[in-house]
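Protein chains: 2
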Amino acid sequence: MVKINENFLKLEKNYLFINIAKKVNAFKAANPDAALIRMGIGDVTLPLAPVVVEAMKKGADEMGVKETFKGYEDSGAGYDFLKNAIADYYKSFGADVSADEIRVNDGAKSDCGNIVDIFGDDNVVLITDPAYPVYVDSNRMSGRKVIFADSNEENGFAAMPDDSVHADLIYLCSPNNPTGSVYTKEQLAEWVAYAKRHESIIIFDAAYEAFITDPALPRSIFQIEGAKECAIEMCSLSKTAGFTGVRCGYTVVPEALKVKASDGTEVSIAQLWGRRQGTKFNGVSYPVQCGAAAVFTEEGQKQIKENIRYYQENAKIIAETMESLGIKYTGGVNSPYIWFKCPDGMGSWEFFDKMLAEIAVVGTPGEGFGKNGDGWFRLTAFGDRDNTIEAMRRFKEMLSK
Amino acid sequence: MVKINENFLKLEKNYLFINIAKKVNAFKAANPDAALIRMGIGDVTLPLAPVVVEAMKKGADEMGVKETFKGYEDSGAGYDFLKNAIADYYKSFGADVSADEIRVNDGAKSDCGNIVDIFGDDNVVLITDPAYPVYVDSNRMSGRKVIFADSNEENGFAAMPDDSVHADLIYLCSPNNPTGSVYTKEQLAEWVAYAKRHESIIIFDAAYEAFITDPALPRSIFQIEGAKECAIEMCSLSKTAGFTGVRCGYTVVPEALKVKASDGTEVSIAQLWGRRQGTKFNGVSYPVQCGAAAVFTEEGQKQIKENIRYYQENAKIIAETMESLGIKYTGGVNSPYIWFKCPDGMGSWEFFDKMLAEIAVVGTPGEGFGKNGDGWFRLTAFGDRDNTIEAMRRFKEMLSK
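Protein chains in written order, with this note's numbering: chain A, 4 to 404; chain B, 4 to 404.
None of these hints come from the bench; they were simulated from the model. A portion of the hints provided could be inaccurate.
Any copy, or any two copies together, can satisfy a pair, since identical chains are not distinguished.
Here are the simulated DMTMM-like cross-link-like pairs (lysine to aspartate or glutamate), alpha carbons at most 20 angstroms apart as the crow flies [unchecked claim]:
| no. | residue 1 | residue 2 |
| --- | --- | --- |
| 1 | LYS263 | ASP77 |
| 2 | LYS13 | ASP124 |
| 3 | LYS6 | GLU232 |
| 4 | LYS148 | ASP124 |
| 5 | LYS69 | GLU309 |
| 6 | LYS13 | ASP125 |
| 7 | LYS25 | GLU316 |
| 8 | LYS308 | GLU189 |
| 9 | LYS261 | GLU202 |
| 10 | LYS344 | GLU361 |
| 11 | LYS263 | GLU323 |
Construct the complete structure from the given sequences, taking the supplied hints into account.
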């Protein structure tokens with residue numbers, strides 16, 4: 004008789020955003036005329052930059068002509084034109100990443116979930132709490148032991164390593180989803196030092212790096228000395244260039260990252276990952292890769308930075324609202340997220356229900372990201388300007404009643 | 004210390020097609036002027052159908068306008084417009100599949116590799132030999148026991164079930180890669196009956212269904228009564244519509260497919276798979292889905308069928324060459340593959356080397372697909388017409404020496 008993977012039965016029944024969608028749908032059914040404003044799921048709202056659209060169309064046209072048609076990509080790791088552009092982008096902020104260390108993917112979520120395939124199920128996994136649910140779920144699906152490092156009000160929602168706790172795999176996200184906090188170079192250096200002492204690997208999620216405006220803050224873990232011997236980095240064009248519906252990201256596995264197998268053989272993590280992807284993935288759509296490469300051109304950077312500035316201005320509007328109401332928050336600068344403390348000691352789902360019912364604004368309850376999220380709440384700056392202003396007007400009104 | 008998944012160390016070091024690429028590159032370096040003809044990797048050569056290109060470009064344009072921009076897809080399982088089109092396509096040849104049972108993906112290889120995540124590692128996996136290497140590798144990566152059902156000259160390279168051997172998961176591919184053999188409805192019904200007796204699940208790879216011309220042959224396992232209670236089907240637009248570089252496929256998990264967990268709970272396989280994909284996948288690029296939907300329009304079907312006929316004519320040319328030389332083969336009709344017995348009792352890699360060295364034609368050694376492939380060889384009909392004719396001219400010349 005076929006046996007299912009019973010680890011699945013131990014997972015939360017539904018994914019956070021599906022629960023939110025259900026509550027929102029019920030509200031809409033009961034209040035068909037309510038002017039709902041969505042600041043929950045971290046999805047972008049501005050259209051793709053014109054250079055990206057043109058590049059995708061050109062890529063599609065090439066696919067319609069025999070001489071320029073592209074079938075399977077030889078390596079499945081991404082075309083050189085895109086990997087070289089990404090490597091140059093890394094160099095622009097001081098991270099030395101070579102094109103050969105990059106694998107292009109259909110979005111960071113896939114690699115973030117799939118990377119665990121190359122590691123044994125007996126590793127201890129450390130995840131900061133609160134965190135993006137994929138880190139926890141993808142490890143629990145393989146039955147791995149997950150432990151948590153607390154990110155909380157006391158440490159500014161930036162958990163730091165503790166040598167009395169051993170971990171083999173460590174998930175870090177900076178700028179952080181959901182808390183908007185950003186690790187300094189010194190803080191990341193402490194994590195790198197911990198990973199070296201414990202012979203662990205850091206999986207670094209840099210999906211929000213493009214929102215960093217402070218040049219002193221690291222945009223890649225590879226700006227930290229020694230990180231190439233102990234870290235994998237995942238990044239995405241979803242938030243950088245509005246690719247949430249286009250689907251393209253990239254993972255950097257440094258050549259220097261090696262691990263000893265139980266028989267003492269030295270194993271290249273990049274080779275393992277290449278073997279995994281070579282077996283279970285066949286590369287990213289050619290027109291999508293053309294669009295992604297356009298992001299890294301001079302004109303592309305100009306166009307996407309305009310969009311990022313638009314979202315940063317939204318973040319500022321939300322942060323100023325929190326300031327004016329005396330509500331504690333993190334994020335809002337160097338991040339598209341604002342993470343605030345629910346007023347009057349409310350629980351985070353309780354506050355979610357209140358906001359939805361009273362002002363028809365959808366946010367994300369902090370509890371959905373882990374226990375330290377209880378009593379906290381996430382709003383995103385990825386909305387429309389007018390909606391963001393209107394939502395904050397209603398928010399102020401609700402809390403001044 | 005971080006532990007790797009040591010199952011990876013037990014895999015063949017390199018993927019079949021990487022080994023071939025290495026030999027071909029070495030040949031090219033030594034013979035820069037040789038007119039190489041590639042009939043090895045099953046990649047298409049005709050450009051995308053015009054309706055597909057136009058639909059992708061229209062999709063890209065929509066992404067550049069705020070009002071029609073698409074971000075994350077709610078379900079990540081594919082837009083209704085595409086799932087409905089696929090469901091209608093199934094109905095057109097008599098398989099009753101509803102849109103809700105379909106999940107769209109970035110190519111059948113991904114789902115084929117990832118589906119194993121939802122099954123326990125203690126399942127016994129039965130794979131026909133020879134077979135597409137992804138079935139074996141993706142299961143060995145999780146440490147599952149893999150057993151083989153022999154497809155050989157005696158049974159026309161169409162392995163049949165044997166009740167004295169128990170299997171929990173069964174991989175079938177029809178029309179078969181690499182042998183080109185096609186199961187009849189009666190043969191598939193025997194496999195369905197076996198799966199029901201053994202409470203196993205069949206993973207049915209229908210990637211080559213569009214090449215079936217004989218209306219009596221099943222294009223989907225769901226044309227067989229009872230299959231919805233014991234089978235998952237994977238299909239792809241790669242070979243149907245030349246999507247090898249566009250990346251789009253679909254997996255059907257019937258609602259009726261349920262399994263008992265160890266505590267007796269009945270578990271829906273579609274729900275497990277949805278939970279897996281919801282965690283580790285974020286949907287297919289919107290412009291790609293637009294292009295895929297165009298394949299299923301009336302004009303789209305007309306255009307892609309022209310391309311399929313072109314490849315079918317190539318297959319006929321190759322098959323006739325084998326006939327004329329008295330070489331035993333399977334496939335060539337209802338399939339883009341021709342699977343033939345190497346002349347003079349040669350081994351398959353030996354024949355590969357001979358063809359490359361003497362006539363600069365690249366094929367795929369049967370041994371790369373399993374032990375029953377030794378002494379057999381695969382050629383694909385996906386090449387250019389002129390190249391196919393020229394390759395067969397050289398092939399005849401080589402063997403008449």
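How the hints compare with the structure:
1. For a Cα distance limit of 20 angstroms, the shortest separation of LYS263 from ASP77 qualifies neither inside one copy, at 29 angstroms, nor across copies, at 41 angstroms.
2. Taking identical chains as interchangeable, the C-alpha atoms of LYS13 and ASP124 lie at most 20 angstroms apart whether they share a chain (16 angstroms) or sit on different chains (16 angstroms).
3. Taking the closest pair of Cα atoms, LYS6 and GLU232 come within 20 angstroms of each other only across two copies (15 angstroms); inside a single copy the shortest separation is 38 angstroms, beyond that limit.
4. With identical chains, the CA atoms of LYS148 and ASP124 are at most 20 angstroms apart both within one copy (8 angstroms) and between copies (17 angstroms).
5. In this homomeric assembly, LYS69 and GLU309 come within 20 angstroms of each other (Cα to Cα) only across copies, at 15 angstroms, whereas the closest approach inside a single copy is 37 angstroms.
6. Both within a single protomer and between protomers do LYS13 and ASP125 lie at most 20 angstroms apart by alpha-carbon distance, with minima of 17 angstroms and 18 angstroms respectively.
7. Proximity of LYS25 to GLU316 under the C-alpha cut-off of 20 angstroms is found in neither arrangement, the shortest distances being 30 angstroms within a copy and 52 angstroms between copies.
8. In this assembly of identical chains, the alpha carbons of LYS308 and GLU189 never lie at most 20 angstroms apart, being 27 angstroms within a copy and 61 angstroms across copies at closest.
9. In this assembly of identical chains, LYS261 and GLU202 lie within 20 angstroms of each other by CA distance solely inside one copy; the values are 10 angstroms within and 42 angstroms between copies.
10. In this assembly of identical chains, LYS344 and GLU361 lie within 20 angstroms of each other by CA distance solely inside one copy; the values are 18 angstroms within and 74 angstroms between copies.
11. Proximity of LYS263 to GLU323 under the C-alpha cut-off of 20 angstroms is found in neither arrangement, the shortest distances being 50 angstroms within a copy and 54 angstroms between copies.
Violation of the numbered hints given earlier is confined to hints 1, 7, 8 and 11; the remaining hints are satisfied by the structure.
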